[in-house]
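Colleague: Given chain B, work out where chains E, S, H, A, Y, W and D with the ligands should sit, using these hints.
8 protein chains.
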Amino acid sequence: DRIGLPEAILGEGKKTETFVKIMKKMAKRKGRSIGTRVNKEQKQQLQKNKGQLEMEWHEKANIAVLKTEKTKQKEEGKVGVICAGTADLPIAEEAKVTAELLGCKVYNAYDVGVAGIHRILPVLKKYNEENIQVLVVAAGRDGSLPPVVAGMTDIPVIGLPVSTGYGAGGNGEAALLSMLQSCSLLTVVNIDAGFTAGAMAAKIAKT
Amino acid sequence: DRIGLPEAILGEGKKTETFVKIMKKMAKRKGRSIGTRVNKEQKQQLQKNKGQLEMEWHEKANIAVLKTEKTKQKEEGKVGVICAGTADLPIAEEAKVTAELLGCKVYNAYDVGVAGIHRILPVLKKYNEENIQVLVVAAGRDGSLPPVVAGMTDIPVIGLPVSTGYGAGGNGEAALLSMLQSCSLLTVVNIDAGFTAGAMAAKIAKT
Amino acid sequence: DRIGLPEAILGEGKKTETFVKIMKKMAKRKGRSIGTRVNKEQKQQLQKNKGQLEMEWHEKANIAVLKTEKTKQKEEGKVGVICAGTADLPIAEEAKVTAELLGCKVYNAYDVGVAGIHRILPVLKKYNEENIQVLVVAAGRDGSLPPVVAGMTDIPVIGLPVSTGYGAGGNGEAALLSMLQSCSLLTVVNIDAGFTAGAMAAKIAKT
Amino acid sequence: DRIGLPEAILGEGKKTETFVKIMKKMAKRKGRSIGTRVNKEQKQQLQKNKGQLEMEWHEKANIAVLKTEKTKQKEEGKVGVICAGTADLPIAEEAKVTAELLGCKVYNAYDVGVAGIHRILPVLKKYNEENIQVLVVAAGRDGSLPPVVAGMTDIPVIGLPVSTGYGAGGNGEAALLSMLQSCSLLTVVNIDAGFTAGAMAAKIAKT
Amino acid sequence: DRIGLPEAILGEGKKTETFVKIMKKMAKRKGRSIGTRVNKEQKQQLQKNKGQLEMEWHEKANIAVLKTEKTKQKEEGKVGVICAGTADLPIAEEAKVTAELLGCKVYNAYDVGVAGIHRILPVLKKYNEENIQVLVVAAGRDGSLPPVVAGMTDIPVIGLPVSTGYGAGGNGEAALLSMLQSCSLLTVVNIDAGFTAGAMAAKIAKT
Amino acid sequence: DRIGLPEAILGEGKKTETFVKIMKKMAKRKGRSIGTRVNKEQKQQLQKNKGQLEMEWHEKANIAVLKTEKTKQKEEGKVGVICAGTADLPIAEEAKVTAELLGCKVYNAYDVGVAGIHRILPVLKKYNEENIQVLVVAAGRDGSLPPVVAGMTDIPVIGLPVSTGYGAGGNGEAALLSMLQSCSLLTVVNIDAGFTAGAMAAKIAKT
Amino acid sequence: DRIGLPEAILGEGKKTETFVKIMKKMAKRKGRSIGTRVNKEQKQQLQKNKGQLEMEWHEKANIAVLKTEKTKQKEEGKVGVICAGTADLPIAEEAKVTAELLGCKVYNAYDVGVAGIHRILPVLKKYNEENIQVLVVAAGRDGSLPPVVAGMTDIPVIGLPVSTGYGAGGNGEAALLSMLQSCSLLTVVNIDAGFTAGAMAAKIAKT
Amino acid sequence: DRIGLPEAILGEGKKTETFVKIMKKMAKRKGRSIGTRVNKEQKQQLQKNKGQLEMEWHEKANIAVLKTEKTKQKEEGKVGVICAGTADLPIAEEAKVTAELLGCKVYNAYDVGVAGIHRILPVLKKYNEENIQVLVVAAGRDGSLPPVVAGMTDIPVIGLPVSTGYGAGGNGEAALLSMLQSCSLLTVVNIDAGFTAGAMAAKIAKT
Ligand SMILES: Nc1ncnc2c1ncn2[C@@H]1O[C@H](COP(=O)(O)O)[C@@H](O)[C@H]1O
Ligand SMILES: Nc1ncnc2c1ncn2[C@@H]1O[C@H](COP(=O)(O)O)[C@@H](O)[C@H]1O
Ligand SMILES: Nc1ncnc2c1ncn2[C@@H]1O[C@H](COP(=O)(O)O)[C@@H](O)[C@H]1O
Ligand SMILES: Nc1ncnc2c1ncn2[C@@H]1O[C@H](COP(=O)(O)O)[C@@H](O)[C@H]1O
Ligand SMILES: [Mg+2]
Ligand SMILES: [Mg+2]
Ligand SMILES: [Mg+2]
Ligand SMILES: [Mg+2]
Ligand SMILES: [Mg+2]
Ligand SMILES: [Mg+2]
Ligand SMILES: [Mg+2]
Ligand SMILES: [Mg+2]
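Residue numbers (the numbering used here), protein chains in the order written: chain B, 773 to 979; chain E, 773 to 979; chain S, 773 to 979; chain H, 773 to 979; chain A, 773 to 979; chain Y, 773 to 979; chain W, 773 to 979; chain D, 773 to 979.
If we strip away everything but chain B, and leave its shape as in the complex, we get (with noise of 0.2 Å):
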């Protein structure tokens, strides 16, 4: 059945208290929670005040997942997730843990930067044997992998901009554009959007 979004709920913004309610409402009416740009103190009141539920932490992505149960899902669909490196590997890990919370088997790759170009290739390589349906490419400043990496494969690439630069198209602007106009063929979603990324290559993966 449905992959929708029903579940998640954005952290940031949300007075701590407005969250961990919201959070518990959702759980309770759903079996399961999904609170992703949560910050410390949210997880820490999360934790405190989760009752009976039960709470799963992840911490490079700063996803919190409230359950009634723990519940089995079966694994469907595979999803691969690269980036280039330390600045965009939050955003990148947010995109993971959201297509295994839907369901999927998850891959990664985070060290594979431009200059390493040589060491996309055995990653796609790998990818293409084990019938990954979809590729989530993380990127920041110039936006420059996600392209190269559609340029090397047959799989779908879908293109997660990231806010690192500084200066003039800074703050994933140019990762941004330079995606948008690509010559290799991509989707993209919007800057810092791991969440969205994870759920359509979730979608993607499954249907």
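It is possible that some hints are incorrect.
To be verified - Quick list of simulated restraints, FRET-style, between CB atoms: (1) B:Lys797 - D:Lys787: 40 to 46 Å; (2) D:Glu831 - A:Lys797: 28 to 34 Å; (3) Y:Asp926 - W:Gly785: 55 to 61 Å; (4) H:Gly785 - D:Asp883: 16 to 22 Å; (5) D:Gln824 - B:Glu902: 50 to 56 Å.
As the list claims (entries may be wrong) - Cross-link-like lysine-lysine pairs, in silico, DSBU-like; alpha carbons within 30 Å at most: (6) D:Lys820 - A:Lys812; (7) D:Lys820 - B:Lys820; (8) D:Lys820 - B:Lys832; (9) A:Lys796 - S:Lys797; (10) B:Lys815 - B:Lys846; (11) H:Lys877 - H:Lys812; (12) H:Lys832 - Y:Lys787; (13) W:Lys850 - D:Lys812; (14) W:Lys797 - W:Lys832; (15) W:Lys820 - E:Lys787; (16) H:Lys787 - E:Lys787; (17) A:Lys820 - A:Lys850; (18) H:Lys787 - E:Lys812; (19) E:Lys793 - E:Lys822; (20) B:Lys787 - B:Lys877; (21) A:Lys850 - S:Lys796.
In case anyone wonders, no lab produced these hints; they're calculated from the structure. Glycine residues also receive a C-beta, built at the ideal position from the N, C-alpha and C atoms.
Modeller: Just chains E, S, H, A, Y, W and D with the ligands now, with coordinates in the frame of chain B:
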């Protein structure tokens, strides 16, 4: 094998002479070349100078195809293309013809406005029954159709902003930004990038 | 008589001391002063230093009112305020409280998301029966709620963009632009201008 | 009953043939169709091919109307349209004709410049006596007229920015932004959106 | 002799230590140094470490002056500074103090709002009688005061946009653009550039 | 008496017929009308239809003047106009002719490039000796001339950005922004606003 | 001696007559003048009116040269110019011809697309062996070629963005921004500034 | 051999722990690692945890270096770094230290303002005599120094915009745009990209 973009030539911004030369060279080398955003003069010169090659003209999509011979491509993958009305039609058609040229069976619904939300439901129901694997939804001005469609189906949606609208946010800008901000699940392509949307849809449908 | 704005003071960006001084001066001169976007410190100092004046505090709207005495204002004009959820609530409340302070009866519906379009219809039906004369519809991110509501009713709609959303088009920019581009009939106010929306709604309802 | 926008067709950007076809189809289905931003060629072809339908042409507003028969609409609601001079006139007329087509009695004052502030007062005094319920005030360049008018009357004002002015802030951008920032009470529509302003004014006047 | 800017030091963005050092070096070399946009810490350290130099502090303008001795400057040139209210005051004061430090007699009127247009006329009448040679008019949000003033007097007006306002066109952007688009005669300086406006006014008044 | 702008008509964007009508009406009412940014057709029609009025044509400035009779205006105030070269000349001329029409004696130097800084000094020396009271300095592309000139003289400078340059910052944008950011003392007018610069210069020179 | 730009004239935006006059004056004064972005009419008039001067025409680069006599310039400095395809060619040629006119030996490779990364390596290997001292790499749309090239060689790279691409980031904007954000080592020139890139390359190669 | 950037780590935006870990790993693998935009906490933790590695700290440039041992690098290539004053100094120093770390002899002149043009000539004369091969010229606000310097020397100039200035065009935007529009010969790097400017200068000087 590969579903890349190598054989597509952007007509827009090229001198007619150059365009015709590249189209022919490509068709000879690869068996087929696809010209997009082809203007009248380019079309006529292509027709006149195509020599032994065969030419296909897609009026509403402004796409020209040169081929060495009639090839039978087995249909593979199912794609849906939806737009709201007259203004978005040429770009929607560009997506449709592109996906067809890449071997997909394409369904389309071109008069589904937001105003007529009741018109969308039966279309989506049918697409679901037909096991369509991906939708391209085109929209100009406020770009509100793709989010609405994405909220009503589990088929993955590619948002295709169209350069309509005047004043602030005109020329597809509001459409692009609101698709990037969408609360429903979407990936997007650039403004008027019907070719990219259609090619990506084909790639997803065939993967 | 007049339904102007003379007695409203924007708290944001004013030093606490200055803010309190102006609020008191206004209240004494006009019988009442309204402070908007009032922060905690400003609120506390107002409370402490209000002297003989009476103070009203609207928590969710961050609005403070100073009055010379309890005045009974007869209710005149009916306004509806609609928003989709948690993030838009403070700005929607700013509009609501403003319209009430200007003498209107205000109805509100704060959990009407686009996803839950079925939730909007009964609300609009009731508002119609109640002869509500104008609606304020608040929305952040892609700003899609006001056009949808405007497409479902004949009550005039004022679109109120809210500064939510991150990445391209974030901070209310996509919301504002897509409301300006809306195919449904809307007028708009600036991003986060709950006060303007509420005051204008009151003016329309009372004219 | 309903005062929606269904029967209006934007001429701008449509091929003449398509425009004429839609205008006729609409007029037949609904009894009347309204074409806005109609260019010369579109107007002439409409005249030539209108068949049994009746046509009305509004020169200064570039609006064409096709009707099945002469219908008598009882006048309901009073609207005022104000602008400063020559450059804003076509857009102001678009608003005026629209409101008239929707059944309102429209008053207009087209030579009220900011320079001539003394000229505005008697106009507003008369509008007040006539119980006009809403004003559309059009302005290009610095957009200063609508705030000034709004500061001088209690009739609600819709600001209509016009795409005049060159250099930074030209093409209506400064006008739109300064109306959004106005200290006087205004709602606004998009740049050159005379149709939206007129239709909204009619809706407010008739509610 | 020359009325240049050599002795002015922008405090904003400089480390306190660096600021104090430059202020002292300048004061010793030129007899006087002027620090603008000076924060609290910078002011206190200047006071503490001024040694033999004399210090003048202009609270509302955030301007500090270091001098080798009490100098008598004969007054020359007359400048007027006008603004609408509380929010614009510090920038208006920066202009006023700067013009005074450059030897002008400065008149000011700080509560002349657009709403209170009747309040402007007697001020301008007096300025005219006093033979004031140039006006600085500060305004934030929609920047409508300078055009209005320029339309009511023959004294040349320098428009000074102030970084107030939120949402689209906020932070002085609408004010700057609408002054650049003004139909009345204006020259402008950058947003919050009270120092530039005041220094230019002094230069004009003294030429 | 007054040196306002009432009798000036912007030709750009007006239909020839409308332009000619307004020019004549103004000339009759006020004794003289000034048309700026007048195109060829407008000029020719004005000539043909001027009737009893006298016409003056300023070729390089694209300014037309209609007058009831030859009037002798005594010269009052001295203005200097400086630009770097060919591209800025028409806008510089617009400023020059405007100041002359408002009664000033105008000096000009049109081949003073930044490259030729040695060429500026003797010009400024002469202007100083002639007691010129204000300079208009026009510049496109990087807008570097006005700051350089302002750094070399005590005569007040009005920076006039010109819409030259291509790529990022082209069309006068870089010129305007760098004049607003200038470390030398400048006030500015909008891009290509030669009329405003000239009129303001005349006003300053005559005050 | 000096390798400045004094003798170059931008044709774009100049009236043919003016352009021809300046070209001739310059050629006579300096022995040679270089016209860039020269259109057809300008070229023809130059040919017709060149008198005793000699003319050189560079078709692909739109560059015209007027000379007093055949001069032999000894070749000095080696420059490489690289671009991906048809659309970037005229701008790449502008850079190449400029560097040649300034006395360099220029190597070029015009069909090195990112897709064909294997095509770049042998080119760079050869350039290295030839001791080329600087590369100009032109790219439109997403501007991804210069970073890729810079990542594969130690020869300094000047990025030259080209005004291709449509939609968001089109007209060279994405290309410029992503070059400014590049993780590889690049300096850049403005969009379409082939002349600047070529002249700077020559200067570096000859220093 | 190669003069790439592999061993440089951007401190800004990295968690201290991550930063220290990468710095150490790099230093061990390559013999040296360079940390740029290093904040206080990062510097202190690096010092504390450097183990056997040696650390070098460049206070004004905010650059940290970790090394396995004292290496002697022979000096090769000469670079000049110029800026106008206090505000640009840290970025100019970032460029200077980077070029030194890459093995160049670097000359600098940090108090050469545009106002003090006479101060630049002797500096450039000396640089010429010393056979400096490339200049980095840093400037904020209106960015006018690099064009002026480039107009006075034949040494190639890299323009380095600095994020100073407030209001329109502030934060380095006017500086970047006016360098891109410069009439003198310049290539540029991004705003505040001292590292890129310095590394590119070193590469050019050593090629
Ligand atoms: N309509 C189109 N929109 C976007 N990309 C296109 C379009 N048509 C062709 N392309 C791609 O653009 C590139 C061709 O660019 P060009 O060398 O200018 O013909 C190839 O990567 C094509 O696949
Ligand atoms: N939240 C608000 N948004 C927009 N305008 C406001 C708000 N609160 C007060 N105002 C108006 O802002 C003006 C007061 O500005 P100030 O002088 O800064 O207090 C008055 O015209 C008020 O009616
Ligand atoms: N508030 C201010 N706004 C604009 N420019 C200023 C201001 N204060 C000082 N200046 C000028 O900024 C330059 C000094 O910059 P700095 O070297 O950073 O102190 C001098 O040209 C001053 O005249
Ligand atoms: N200050 C700086 N400005 C620009 N790029 C830098 C800077 N410092 C390091 N880099 C480069 O940024 C990349 C490292 O990014 P990261 O993976 O975030 O450490 C490498 O290519 C470095 O050479
Ligand atoms: Mg591929
Ligand atoms: Mg869905
Ligand atoms: Mg409706
Ligand atoms: Mg009012
Ligand atoms: Mg005046
Ligand atoms: Mg000066
Ligand atoms: Mg390299
Ligand atoms: Mg030079």
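Colleague: A separate judgement is required for each hint: does it hold in the structure or not?
Modeller: Here is how each hint holds up against the structure:
With their beta carbons about 33 Å apart, lysine 797 of chain B and lysine 787 of chain D fall outside the hinted range of 40 to 46 Å. In this structure the supplied range 28 to 34 Å is violated for glutamate 831 of chain D paired with lysine 797 of chain A, their Cβ-Cβ distance being about 21 Å. Between aspartate 926 of chain Y and glycine 785 of chain W the Cβ separation comes to about 34 Å, which falls outside the hinted range of 55 to 61 Å. A hinted range of 16 to 22 Å for the beta carbons of glycine 785 of chain H and aspartate 883 of chain D is inconsistent with their spacing of about 58 Å.
A hinted range of 50 to 56 Å is violated for the C-beta pair glutamine 824 of chain D and glutamate 902 of chain B, which are about 42 Å apart. This hinted pair does not check out: lysine 820 of chain D and lysine 812 of chain A have alpha carbons roughly 34 Å apart, beyond 30 Å. With a C-alpha separation of about 35 Å, the suggested pair lysine 820 of chain D and lysine 820 of chain B falls outside the 30 Å cut-off, and the hint is violated. Note on lysine 820 of chain D and lysine 832 of chain B: the hinted pairing holds, with a Cα-Cα distance of about 26 Å set against a maximum of 30 Å.
As the CA atoms of lysine 796 of chain A and lysine 797 of chain S are separated by approximately 43 Å, the hinted pair breaks the 30 Å bound. Annotation: proposed proximity of lysine 815 of chain B to lysine 846 of chain B holds, straight-line Cα distance about 27 Å (limit 30 Å). Between lysine 877 of chain H and lysine 812 of chain H the CA atoms are separated by roughly 28 Å; this keeps the pair inside 30 Å, and the hint holds. Taking the CA atoms of lysine 832 of chain H and lysine 787 of chain Y, the gap is near 12 Å; set against the 30 Å cutoff, the hint holds.
Simply put, lysine 850 of chain W and lysine 812 of chain D have alpha-carbon atoms about 45 Å apart, too far for the 30 Å limit, and the pair is violated. For the proposed pair lysine 797 of chain W and lysine 832 of chain W, the alpha carbon gap of about 25 Å is at most 30 Å, so the pair holds. A hinted pair counts as satisfied when its Cα atoms are at most 30 Å apart, and lysine 820 of chain W with lysine 787 of chain E qualifies at roughly 26 Å. With a C-alpha separation of about 25 Å, the suggested pairing of lysine 787 of chain H with lysine 787 of chain E holds against the 30 Å cut-off.
Between lysine 820 of chain A and lysine 850 of chain A the CA atoms are separated by roughly 35 Å; this puts the pair beyond 30 Å, and the hint is violated. A distance of roughly 15 Å separates the Cα atoms of lysine 787 of chain H and lysine 812 of chain E; the hinted pair therefore holds under the 30 Å criterion. Of the pairs offered as hints, the one joining lysine 793 of chain E and lysine 822 of chain E holds, with about 10 Å between alpha carbons and a cut-off of 30 Å not exceeded. For the suggested pair lysine 787 of chain B and lysine 877 of chain B, the alpha carbons sit about 33 Å apart, so the restraint of at most 30 Å is broken.
Restraint check for lysine 850 of chain A and lysine 796 of chain S: not satisfied, since their Cα atoms lie roughly 36 Å apart, outside the 30 Å limit.
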